[in-house]
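Novice: Given chain A's structure and the hints, the job is docking chains B, C and D onto it.
Residue numbers (our numbering), protein chains in the order written: chain A, 330 to 707; chain B, 330 to 707; chain C, 330 to 707; chain D, 330 to 707.
A portion of the hints provided could be inaccurate.
All copies of an identical chain are treated as equivalent in the list; a pair is satisfied when it fits inside any one copy or across any two copies.
Said to hold, decoys possible - Keeping only pairs whose Cα atoms sit at most 25 Å apart, straight-line, the calculated DMTMM-like set for lysine to aspartate or glutamate is:
1. Lys449 x Glu656
2. Lys592 x Glu395
3. Lys498 x Asp626
4. Lys592 x Asp496
5. Lys449 x Glu423
6. Lys419 x Asp392
7. Lys449 x Asp439
8. Lys592 x Glu612
9. Lys592 x Glu604
Think of the hints as simulated: they come from the structure by calculation, not from any bench. Since the model is a prediction, treat every value here as computed from it, not as a measurement.
Number of protein chains: 4
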Amino acid sequence: MHTLRLGLIGSGFMGRTHALAAHSVGLVFPQYGAPTCEILADTDAAQAADQAAALGFRRSTGDWRELVADAQVDIVDICTPNHLHYPMAKAALEHGKHVYCEKPLALSVDESRELAALAKDRGCVTLVGFNYAKNPIITMAGNLIAQGALGRIHHVRGTHIEDYLADPKRPGGWRTRQALAGLGALGDLCHILSLTQRLVGEPVAVCADFQTVYRERPDGPVENEDQMHALLRFDGGAIGTIECSRVAWGRKNGLTLEISGSKGSLCFDQERQNELYFYRGGEGDPQGFKRILLGPDQPDYAAFCPAPGHGLGFNDLKVIEMRDLLEAINGSGQSWPDFGAAARIDAVTAAMAASFDSGGWVSVNTTNAGCSGTSNQG
Amino acid sequence: MHTLRLGLIGSGFMGRTHALAAHSVGLVFPQYGAPTCEILADTDAAQAADQAAALGFRRSTGDWRELVADAQVDIVDICTPNHLHYPMAKAALEHGKHVYCEKPLALSVDESRELAALAKDRGCVTLVGFNYAKNPIITMAGNLIAQGALGRIHHVRGTHIEDYLADPKRPGGWRTRQALAGLGALGDLCHILSLTQRLVGEPVAVCADFQTVYRERPDGPVENEDQMHALLRFDGGAIGTIECSRVAWGRKNGLTLEISGSKGSLCFDQERQNELYFYRGGEGDPQGFKRILLGPDQPDYAAFCPAPGHGLGFNDLKVIEMRDLLEAINGSGQSWPDFGAAARIDAVTAAMAASFDSGGWVSVNTTNAGCSGTSNQG
Amino acid sequence: MHTLRLGLIGSGFMGRTHALAAHSVGLVFPQYGAPTCEILADTDAAQAADQAAALGFRRSTGDWRELVADAQVDIVDICTPNHLHYPMAKAALEHGKHVYCEKPLALSVDESRELAALAKDRGCVTLVGFNYAKNPIITMAGNLIAQGALGRIHHVRGTHIEDYLADPKRPGGWRTRQALAGLGALGDLCHILSLTQRLVGEPVAVCADFQTVYRERPDGPVENEDQMHALLRFDGGAIGTIECSRVAWGRKNGLTLEISGSKGSLCFDQERQNELYFYRGGEGDPQGFKRILLGPDQPDYAAFCPAPGHGLGFNDLKVIEMRDLLEAINGSGQSWPDFGAAARIDAVTAAMAASFDSGGWVSVNTTNAGCSGTSNQG
Amino acid sequence: MHTLRLGLIGSGFMGRTHALAAHSVGLVFPQYGAPTCEILADTDAAQAADQAAALGFRRSTGDWRELVADAQVDIVDICTPNHLHYPMAKAALEHGKHVYCEKPLALSVDESRELAALAKDRGCVTLVGFNYAKNPIITMAGNLIAQGALGRIHHVRGTHIEDYLADPKRPGGWRTRQALAGLGALGDLCHILSLTQRLVGEPVAVCADFQTVYRERPDGPVENEDQMHALLRFDGGAIGTIECSRVAWGRKNGLTLEISGSKGSLCFDQERQNELYFYRGGEGDPQGFKRILLGPDQPDYAAFCPAPGHGLGFNDLKVIEMRDLLEAINGSGQSWPDFGAAARIDAVTAAMAASFDSGGWVSVNTTNAGCSGTSNQG
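This is chain A alone, in the form it adopts within the complex (with noise of 0.2 Å):
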């Protein structure tokens, strides 16, 4: 096991936050070794200097091909905006670079896939920043379904909505745009669909409403939607809504989960990213919601903080996700969710918005996903 070399290329929110848990995982996670932080790359020089200095790496550049040519690089770390997911992932492969890249994978399920089979050919290992699904709270649930804690699923209800863009005066951003973004409140909130990957499985048909409320902004025309929500069904049998949108005010970081099940039901509320509420069916005791505190019996907790109920915040469950990449290359080989996961859940969001063009239900199209780690499916 040598120690393994990072090339972050980006220095925004998740630039900034990928460069803390490369200096933390170590400590909080030493199985593995440290990372180098070895170069930064921005978009010119000066800046990537700069950003290399404040975030403690070695070298920077201001060409990001540079840093995936770079031999002195194991791992490519992609923080940019959407667009550039795709060609930077692409180049960082064919140098033979494992890739950690934020979501989503790229702008069409086409790009994702063959960036899956790409890396499944070089045979490097990819991750994609869907951070929610590393809170151990979430490992919990994950381990009390397997367990049979809720019996067979059959309904889950997901939102993940937001009110960054709640105000009409605001500026949309790069984010409304459709060739530098993608999809909307969809594209960018579809953290919710890896919770379901990771608890539920796999949509096999979805219809879908999309709605831009706001056509103009300040800054110009809206080209997709603000909010969105759909109807699934699920390989399992399962059946579930979820819900993504960018305009419901007073929802910060509104990323829940309801699922149900034969036994029981749980309940998850990223605002209160430390508590899971389970629902135990049955004779017995007076039954009622059971607010469950994360504590030390869950590893991933117990590495930060040995006394239960003190919470762990955003950037720790970065950490844990880079913990994840470093314990692939070193060890497994896989990692969830690597390219093959998230290009599954690109299909799902892409037969989202084809229903929504064609006006009804669709299939979710799974072929050639590319390869894929293994999900924690109920």
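Specialist: Leaving out everything else, chains B, C and D in the frame of chain A:
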């Protein structure tokens, strides 16, 4: 204004609740006088006599046809299983009685419309028992919407989920028989559609999925859906989802609503029926959802209690509902939801069933929907 | 068992609530028959006549002394300002009436004890209106404690805090005058002591602090405390705090309780009166506070509604309270909290006041506390 | 500004948390540069070497006296059991080091004051690890108070209750031994006093009750209190209660606070550390407690994440705390809570213990409390 005389058919859960309301309404809301509990009909003469004694009715009968024809009856109050609503309401209207009927109004939208037309023709006041819409905190929500506190509504998510049939070993009874109940979870829990009708408007198109999770129960096959959910498009441009379930472990009266508009959001949960959550978007004070506790600034609460936060219960909602009926008979002649409004709700549920059958979007047929009271549309 | 005849004195907030309960109790709890609303007394004959008509009483009087002497009255029900409780209850007992009195029983513990002794001497049933202790979910809490679910109780924290005088510009009325109200926040909100009496036991020593936050109001000087809190030691070894306030902005009916024992904990909040939070310590399932919603497994809930989670309201608690009174008169002869139990509560509040005056711990004087019903001590 | 070099003593729960913070603080708050993790001391040389490797320290030693004397150390960071704080801090100050020490500062208020005086004398910056007071939402609460949003504070209720010793079969370890820990629940959970010091002011008199619920544990007798509570009077006129417990089943980090003033109220619960509840009294909009989610309008949150509602965790609070230390050393020379402020907290806990011993109210001795940073008093 003469004293109104009530004839009650049925003395189960709902019949008893109506009887309690009839005895209280004159004290709580003295404006329209106390109705007389004149006669009670039940399945046979003996049971009717027992129930009349227990529930404080002057007379009893084992034959509901006698009751609807009784000259001493002004209001026929129907609290029987669903399949009897139509023939009883029809007979009562034909005798020129005002009719107060539990939901759903009928087993088919055609029947509902026929009843609505008949009521209009005969000049009878009608009211259907969508009691949750009578909660003063829903009235407050309606007022906030009418005052523009939410701006233009663009999304609503509603649920009415319970767990009374979550245990597959539990017998289904008449509720799982199509001939007796009509629809399953949707028919029983269509209250959510009365809330959206009051607060958001009328759905114009729907796309639904239905599922019978348990096809067999100890008392025979299950003939209608255990759970369903749907996408909706409303006349005012808003979109939304609704979900009904009788197999959602842990939810006892999970009638919930989240409404988002251009200026703010509202949330409601019937399990905490004295609370409303309101978020006002914009600048100024630190922002957050405000938990508003029902208090005497709402007149329909003040009628019960002059102190805030003391809490109304389920039975109190029926008292308000009965007040609405008396008010309409004594005054405006208009109640909500009358048979016309209930027929519009039935048109929505029928469209949902049709959508599931056809596998796609279905327009809600609002043709010939009969007379209707004014709904407080946002 | 003959029909019991009620004479009600006072028709304000509480008088009206009692009248509503008297009209409902026979329907909800038919075991003891419906009491007759015989006569209502108010400050003058005209108002009494109006209120008797409004509240469904047969007769009326402007002179309460006439009512307590009336041969057609079995139960005297006292809903007047605090300082009138003692003379009215005394007169009623001297006429051999059963007495139902709002809290606090009297302005001094000596008066309370005198009344308790008199009631015992005359063999009258008495009941004091600590309605929150009648909540079926408090009964459930008591049963859990009796079954040992909490083990040995070692701590209790109780509050009853409201904000009805939080605004210093609001007039204080009779509640801020010592001669009319006695104690201030503690006298008005001593309900918390009825909950601890029922669930935990009797305090044996207290140490309290009182504060009049606003010494002047628009209608004159304030003569009793706006807020108080105290340390308590209970007979069973538990310790606890209680807090009462009428100046706690935002709290409308902040009657809360948290009880911890060797095996578990319970939490209750009257603002969410249909919920109980229960934590069972130990191994096994993931642990957490369980939110238990009131349902028909509790008989006093089932009497109102057969479906769980539908919710009781404040007025329903008074119906249960009146049922307890009728049951004691018709059956056991024992009610709780009778005048003896209420005198013990008054002994606690008196000890708290003495503690503030003396600046230290004070033993609760339980000498001669009169007859008392059994309390459900943990 | 030169790079500050840290010497850490102890590598248990707190030592590891400090190490993580030391590695992150320069990235999150770049203003003061990243400190160097210079040397780590532990109970013996081997363990120290292992931990230094694990936690990213350059050097190690088995002798803390060597560390405090090390010329390459600017800051001595003490994360050992309580009884070692005093000798280590004293030695460090005598070597002119800045000192960062976990709470409680010492086992007696005399020791704390001696340390505070020594720090003042030597001109050293000191900081005690009351990390919860560093939560940006507590800063927001302090700002709201400073801006007058609560008006004049009249009441505070605080708890810090946990259940780590609720199971009587659990060994007590050093925390239950007076010579090693000093006070029990109060000593361990005195965080609540740092919150009141920051937000409300200094207690001037206290009256407390202590209880050792379980006098024997598997590893021997318990020598300090399992639970305690107290009445307090604050310098500004407010009164309040605090409660600490290590035997409160179900509470994992029950550090809660409710503050009421003449214009509004605030509530906080560390188990939901990213939320603040705020009630503004008065007219206008419907009133209610507003749930404010931490967001980037608070600079100390923005340093971690630019998006609202994403949540900080426990470890993040230590990063902010360390930033405060670096800022004081590099800039103002003033930190809070420094040894002077911590000695004032220790004076309060000492007064509480004295109150329990004497059985009555005790004035807090603030004589000679040493130098102190400014607290954000309301």
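Novice: Indicate, hint by hint, whether the structure satisfies it.
Specialist: Going through the hints against the structure:
In this assembly of identical chains, Lys449 and Glu656 lie within 25 Å of each other by CA distance solely inside one copy; the values are 18 Å within and 49 Å between copies. With identical chains, the CA atoms of Lys592 and Glu395 are never at most 25 Å apart, being 54 Å at best within one copy and 47 Å at best between copies. Within a single copy, Lys498 and Asp626 get their C-alpha atoms only as close as 46 Å, which misses the 25 Å cut-off; across copies the closest is 19 Å, which meets it. Within a single copy, Lys592 and Asp496 get their C-alpha atoms only as close as 42 Å, which misses the 25 Å cut-off; across copies the closest is 8 Å, which meets it.
When the C-alpha separation of Lys449 and Glu423 is checked against a cutoff of 25 Å, the pair qualifies only within one copy, where the shortest distance is 11 Å, while the shortest distance between copies is 62 Å. In this homomeric assembly, Lys419 and Asp392 come within 25 Å of each other (Cα to Cα) only inside a single copy, at 16 Å, whereas the closest approach across copies is 53 Å. In this assembly of identical chains, Lys449 and Asp439 lie within 25 Å of each other by CA distance solely inside one copy; the values are 15 Å within and 59 Å between copies. Taking identical chains as interchangeable, the C-alpha atoms of Lys592 and Glu612 lie at most 25 Å apart whether they share a chain (11 Å) or sit on different chains (21 Å).
In this assembly of identical chains, Lys592 and Glu604 lie within 25 Å of each other by CA distance both inside one copy and across copies; the values are 20 Å within and 22 Å between.
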